[in-house]
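So the protein sequences, as listed, match chains P and V.
Here the first sequence is numbered in the working numbering, starting from 1 and rising by one per residue.
Here the second sequence is numbered in the working numbering, starting from 1 and rising by one per residue.
Bear in mind the hints are in silico, worked out from the structure with no lab data behind them.
Heads up, a few of these hints could be off.
To be verified - Label-pair distances were calculated between CB atoms; the ranges are: (1) P:Ala45 to V:Asp75: 28 to 38 Å; (2) V:Glu86 to P:Leu156: 29 to 39 Å; (3) V:Ala59 to P:Gly234: 19 to 29 Å; (4) P:Ala120 to V:Glu67: 47 to 57 Å; (5) P:Gly132 to V:Asn80: 51 to 61 Å; (6) P:Glu67 to V:Ala59: 41 to 51 Å.
Unchecked claim - Straight-line C-alpha distance at most 20 Å; calculated SDA-like pairs for lysine to any residue: (7) V:Lys57 to P:Tyr32; (8) P:Lys19 to V:Ile118; (9) V:Lys57 to P:Gly234; (10) V:Lys57 to P:Gly291; (11) V:Lys57 to P:Glu27; (12) P:Lys350 to V:Glu39; (13) P:Lys368 to P:Arg84; (14) V:Lys57 to P:Leu41; (15) V:Lys57 to P:Ala325; (16) P:Lys350 to V:Val78; (17) V:Lys57 to P:His235; (18) V:Lys2 to V:Phe117; (19) V:Lys57 to P:Ala24; (20) P:Lys350 to V:Ala58; (21) P:Lys350 to P:Pro310; (22) P:Lys350 to V:Val52.
Said to hold, decoys possible - Computed, partial: chain P to chain V, Cβ under 8 Å: (23) Gly219; (24) Ala293; (25) Ala318; (26) Phe319.
By construction, the Cβ of each residue, glycine as well, lies at the ideal position given by its N, Cα and C atoms.
For reference, the chains in residue letters:
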Amino acid sequence: MTDLKRTCLYALHESLGAKMVPFAGYEMPVQYPMGVLGEHLHTRAQAGLFDVSHMGQIILGARSAAEALEALVPVDVLGLGEGRQRYGFFTNDTGGILDDLMIANRGDHLFLVVNAACKAADLAHLEAHVAGVEAVTDRALLALQGPAAAEVLGRLVPDVGGMRFMDVATWAWEDVDLWVSRSGYTGEDGFEISLPEHRAEDFARALLDMDEVAPIGLGARDSLRLEAGLCLYGHDIDTETSPVEAGLAWAIQKIRRRGGARAGGFPGDDRILDELANGPSRRRVGLRPEGRAPMREGVALFAAEDDATPVGAVTSGAFGPSVGAPVAMGYLPTDLTAPGTRVWGALRGKRLPVQVVPLPFRPATYHK
Amino acid sequence: MKFTEEHEWLRIDGDLVVVGITEHAAEQLGDVVFVELPEIETQVAKGDEVCVIESVKAASDILAPIEGEIVAVNDALVDNPGLINEDPLGDAWFFKLKVDDLSVLDDFMSEDEYKDFIA
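Whenever a hint applies, use it, and build me the whole structure from the sequences.
Take a look at the structure:
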């Protein structure tokens, strides 16, 4: 437990009775007294507040940044309008994923949010290829998610009501600027809010003072994103999985594909463009174990009940509180990925049936 | 009631031993979402894995605290695993063991000793 960093909201977590655990080099709240199940359901019913200050916030301030960033991600960055955000990923030379990230056009700069565990590597990668890279180290990052998010945030910042899904904007709250995006990692409508550390606890407490808002830990963050079919870096996607295999081709705009004006030109473009055209050999799928036993990361998947050799594995799995049943994601050969296909998971020495199902497990309720 | 270092409780019910998990264990597990119970009439040795509990966080095993025969299991837990968090010491018992000699329970901790153990 040595050398763990703390976010500026550590004292707040302690005062709320959080159970703290090591995560990506930080001491982070895994749950509060409400418990993972309660926190998950609360977020889906009302609004949950998450401290995600461990994530990396990066500014690209050079005029040339969008063009330079396009050499690292298969995303249309030049075409990203001011005040808009896009999901993307840094790829490697073999077409795998180094990290996934959010890219926002905030007018005179690009603003990136990257995973905590990858942020040092991402910064080094960016600094090697893009001018004017600046790590933002004095701002906290909060996520407010759930059907009541817009109403409760609107009490503090009335202008957020006019934002659509994936809009970004700067709004004033008291004496500080909030960098707000209407996005999140739960499948719910909601916001991510970057703000100066010295006012982060006051702002968080102003939200938590409202009846609808409860603090939510990493435990529920994981089950919420899993039900929403969203990937967790290092688990569902990594340096071996291509974006096409991962079912993230939707994030590669036409202009970066074969026949597009700026086709390719990113690491691993050979493999990724080929898989876009011809299909990958395996794909990420949704999985519903037919019984009640959750199948977690690492459970081997077999095409037939008594096969000796696995054809894939679960990459994320848990009980889905809103689904009311176990849910999982994993990779299977393309010929086994049609919804309704039955495969078998090896659990505690038994083979248990699993249905391939479409993702997400629960439709998203974004404010489009 | 007696307690094990594996955070189980044992209660004598006539000539049977009823086994469950402690409040402390239930709290540490978090919300339980799945339980797999043993078959009735199974002979178990001390330390055998007899039940699986899955919480929102992880899977854990319940070990047989003593040798005996499983003569009853609490099917209510399968349909309502949350009972383990609500009433771990009462309604959420796991199984009943038939043992040769109830004096084997003497080796386990009393409530006070268990409280010191988890302190």
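So, going through the hints one by one against the coordinates:
In this structure, P:Ala45 and V:Asp75 meet the distance hint of 28 to 38 Å, their C-beta atoms being roughly 31 Å apart. Separated by about 37 Å at the C-beta atoms, V:Glu86 and P:Leu156 satisfy the suggested range of 29 to 39 Å. Separation of V:Ala59 from P:Gly234 is about 21 Å and conforms to the stated range, judged on CB atoms against 19 to 29 Å. Here the CB-CB span from P:Ala120 to V:Glu67 is close to 54 Å, well matched to the stated 47 to 57 Å.
The given range of 51 to 61 Å is respected by P:Gly132 and V:Asn80, whose C-beta atoms sit roughly 58 Å from each other. In this structure, P:Glu67 and V:Ala59 meet the distance hint of 41 to 51 Å, their C-beta atoms being roughly 49 Å apart. Restraint check for V:Lys57 and P:Tyr32: the C-alpha separation of about 14 Å stays at or below 20 Å, so the hint holds. Restraint check: the Cα-Cα separation between P:Lys19 and V:Ile118 comes to about 17 Å, which is no more than 20 Å; the hinted pair holds.
A C-alpha spacing of about 18 Å is found between V:Lys57 and P:Gly234, which places the hinted pair at or below 20 Å, so the restraint holds. Of the supplied pair hints, the one linking V:Lys57 and P:Gly291 holds, its CA atoms being roughly 18 Å apart against a limit of 20 Å. A threshold of 20 Å between alpha carbons decides the hint, and for V:Lys57 with P:Glu27 the separation of about 17 Å falls inside it, so the pair holds. Proposed proximity of P:Lys350 and V:Glu39 is supported: the alpha carbons are some 15 Å apart, at most 20 Å.
For the hint linking P:Lys368 to P:Arg84, the alpha-carbon distance of about 12 Å falls within 20 Å, and the restraint holds. Taken as a hint, the V:Lys57 and P:Leu41 pair is honoured in the structure, with Cα atoms around 16 Å apart against an allowance of 20 Å. For the hint linking V:Lys57 to P:Ala325, the alpha-carbon distance of about 15 Å falls within 20 Å, and the restraint holds. The suggested pairing of P:Lys350 with V:Val78 holds, with an alpha-carbon distance near 18 Å, which does not exceed 20 Å.
Pair hint V:Lys57 plus P:His235 holds up; C-alpha atoms about 16 Å apart against a cutoff of 20 Å. Proposed proximity of V:Lys2 and V:Phe117 is supported: the alpha carbons are some 13 Å apart, at most 20 Å. For the suggested pair V:Lys57 and P:Ala24, the alpha carbons sit about 18 Å apart, so the restraint of at most 20 Å is met. The straight-line distance between the Cα atoms of P:Lys350 and V:Ala58 is roughly 18 Å, inside the 20 Å bound, and the hint therefore holds.
This hinted pair checks out: P:Lys350 and P:Pro310 have alpha carbons roughly 14 Å apart, not beyond 20 Å. With a C-alpha separation of about 13 Å, the suggested pairing of P:Lys350 with V:Val52 holds against the 20 Å cut-off. The beta carbon of P:Gly219 comes within 6 Å of a beta carbon in chain V, closer than 8 Å, and the hint placing it at the interface holds. Interface hint at P:Ala293: satisfied, since its Cβ lies 5 Å from the closest Cβ of chain V, which is below the 8 Å cut-off.
About 7 Å separates the beta-carbon of P:Ala318 from the nearest beta-carbon of chain V, less than 8 Å, and the hint is met. At its closest, the beta carbon of P:Phe319 sits 4 Å from a beta carbon of chain V; the interface hint therefore holds under the 8 Å criterion.
Hint compliance for this structure: every hint is met.
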